[in-house]
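There are 2 protein chains.
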Amino acid sequence: MEVQELLKNRRSIRDYEEKEVPVETVTDIIRESCLAPSSGNGQPWQFVVINRKETMKRLSDESKKNLLSDIAQNPDSPAKKYEDILRNKEFNVFYNAPCLVYVIGPRDYRSLDVDCSLFACYFMLTAAARGLGTCWIGLGTNVRTPELMREIGIPKGCRIVAPIIIGYPKNIPEPSPRNEPKMLKIVS
Amino acid sequence: MEVQELLKNRRSIRDYEEKEVPVETVTDIIRESCLAPSSGNGQPWQFVVINRKETMKRLSDESKKNLLSDIAQNPDSPAKKYEDILRNKEFNVFYNAPCLVYVIGPRDYRSLDVDCSLFACYFMLTAAARGLGTCWIGLGTNVRTPELMREIGIPKGCRIVAPIIIGYPKNIPEPSPRNEPKMLKIVS
Numbered sequence: 000m001e002v003q004e005l006l007k008n009r010r011s012i013r014d015y016e017e018k019e020v021p022v023e024t025v026t027d028i029i030r031e032s033c034l035a036p037s038s039g040n041g042q043p044w045q046f047v048v049i050n051r052k053e054t055m056k057r058l059s060d061e062s063k064k065n066l067l068s069d070i071a072q073n074p075d076s077p078a079k080k081y082e083d084i085l086r087n088k089e090f091n092v093f094y095n096a097p098c099l100v101y102v103i104g105p106r107d108y109r110s111l112d113v114d115c116s117l118f119a120c121y122f123m124l125t126a127a128a129r130g131l132g133t134c135w136i137g138l139g140t141n142v143r144t145p146e147l148m149r150e151i152g153i154p155k156g157c158r159i160v161a162p163i164i165i166g167y168p169k170n171i172p173e174p175s176p177r178n179e180p181k182m183l184k185i186v187s
Numbered sequence: 000m001e002v003q004e005l006l007k008n009r010r011s012i013r014d015y016e017e018k019e020v021p022v023e024t025v026t027d028i029i030r031e032s033c034l035a036p037s038s039g040n041g042q043p044w045q046f047v048v049i050n051r052k053e054t055m056k057r058l059s060d061e062s063k064k065n066l067l068s069d070i071a072q073n074p075d076s077p078a079k080k081y082e083d084i085l086r087n088k089e090f091n092v093f094y095n096a097p098c099l100v101y102v103i104g105p106r107d108y109r110s111l112d113v114d115c116s117l118f119a120c121y122f123m124l125t126a127a128a129r130g131l132g133t134c135w136i137g138l139g140t141n142v143r144t145p146e147l148m149r150e151i152g153i154p155k156g157c158r159i160v161a162p163i164i165i166g167y168p169k170n171i172p173e174p175s176p177r178n179e180p181k182m183l184k185i186v187s
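In order, the protein sequence lines correspond to chains C and Z.
Each residue of the first sequence is one higher than the one before, starting from 0 at the first, in numbering that gives the first Met the number 0.
Each residue of the second sequence is one higher than the one before, starting from 0 at the first, in numbering that gives the first Met the number 0.
Just chain C, same shape as in the assembly:
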């Protein structure tokens, strides 16, 4: 698919077919996405792949529990606007996708957010070029229980930047609206 067509047609997918993504496909997409640029070519990204729905359900429950606890402690928490849906027992933050990739890196690495975001962008685009859907799940970063972190292989010194679900899209939504670009100044 042509690049510009892909940028136009890519959507965040929250509704998936009941069909597994082969681990080899996911690792191929990860390998290709490592072509993303990073600050000083530092490539700080590391990966955990969860290709099992039962584990993803537990990670969703953990994230929901921690976010609700954040809200209880701080009513100004940015998670506050999600409170109702987080209280819904049926809601899975990973939308019942078949697979989840955690993009993580050293907690104190200076450009970690930027570098992992560039990786994530490549990941979402090259997945879309293969007919796969993805969605960056901001609510999925809140895994804190040490046993669970250990179980899924996230080292203590690392931080989750991007939890990205991936699977075969069932419904492709309409594009979400975009604002006009806010051009503050053109010096020419």
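It cannot be assumed that every hint is accurate.
Just so you have them, the derived chain C footprint on chain Z, three or more residues with Cβ under 8 Å [stated by the list, open to error]: (1) 17-29; (2) 43-56; (3) 103-116.
Derived pair list, reagent style DSS-like, types lysine-lysine, alpha-carbon separation capped at 25 Å [to be verified]: (4) C:Lys184 with Z:Lys18; (5) C:Lys52 with Z:Lys184; (6) Z:Lys52 with C:Lys184; (7) C:Lys56 with C:Lys18; (8) C:Lys181 with Z:Lys155; (9) Z:Lys56 with C:Lys184; (10) Z:Lys56 with Z:Lys169; (11) Z:Lys18 with Z:Lys184.
Hints listed in this document are in silico derivations from the structure and should not be mistaken for laboratory results.
Given the structure is predicted, the values throughout are model-derived calculations rather than measurements.
Each residue gets a CB set at the ideal place from its N, CA and C atoms; glycine is no exception.
Following the hints, complete the assembly by docking chain Z onto the known chain C.
Showing chain Z alone in chain C's frame:
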């Protein structure tokens, strides 16, 4: 160009033809890149386009001056490894590119780095699809003099996330090396 071919062939370009990029082309690329996803579709990105080499030279000098001052105050500054080149009067942090786009946004916006990085990724890819070269210039974020900020239209409450140069590539470098993906765990 096919997406996967583009991801493979895109390079960070630091050597440009002496040829201006029409402002309309730059604004077209910005508009297209606003299709990037952002947290909660918040689209916090705003833009300043500097399409004048003389201004870019002054912005380079300002960044160099501020980075050298950071190093003098803190020898552990991450800029320390660039000290020699920053002292070189001939060095322009923007590599004499013809045009510079500052991607900026509200200083305290929670997901600003992530959102602007996703925008920057789209920008670099769609520019490459048009035969244009780009490079994210980390050293170019250090504009602090209030008069200069005002002159180029960056509001006080905003922060520069991504200074991206753009122009017609003169030399396309070999790919910089990539590590094997660091797969910490696959749960399947």
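We went through each hint and held it up to the structure:
1. With 3 residues having a Cβ less than 8 Å from any Cβ of chain C, the segment 17-29 of chain Z passes the three-residue criterion, so the hint holds.
2. Under the rule that three or more residues need a Cβ within less than 8 Å of chain C, the assignment of the segment 43-56 of chain Z holds, with 9 such residues.
3. With a threshold of 8 Å between beta carbons, the proposed coverage of the segment 103-116 of chain Z by chain C holds, since 6 of its residues qualify and at least three are required.
4. The straight-line distance between the Cα atoms of C:Lys184 and Z:Lys18 is roughly 21 Å, inside the 25 Å bound, and the hint therefore holds.
5. Simply put, C:Lys52 and Z:Lys184 have alpha-carbon atoms about 16 Å apart, close enough for the 25 Å limit, and the pair holds.
6. Taken as a hint, the Z:Lys52 and C:Lys184 pair is honoured in the structure, with Cα atoms around 16 Å apart against an allowance of 25 Å.
7. Straight-line distance between C-alpha atoms of C:Lys56 and C:Lys18 comes to about 16 Å, which keeps the hinted pair within the 25 Å bound.
8. Between the alpha carbons of C:Lys181 and Z:Lys155 the distance comes to roughly 16 Å, so the proposed pair stays at or under 25 Å and holds.
9. Note on Z:Lys56 and C:Lys184: the hinted pairing holds, with a Cα-Cα distance of about 18 Å set against a maximum of 25 Å.
10. Taking the CA atoms of Z:Lys56 and Z:Lys169, the gap is about 20 Å. The hint holds against a cut of 25 Å.
11. Of the pairs offered as hints, the one joining Z:Lys18 and Z:Lys184 is violated, with about 48 Å between alpha carbons and a cut-off of 25 Å exceeded.
When each numbered hint is compared with the structure, a violation occurs for hint 11 only.
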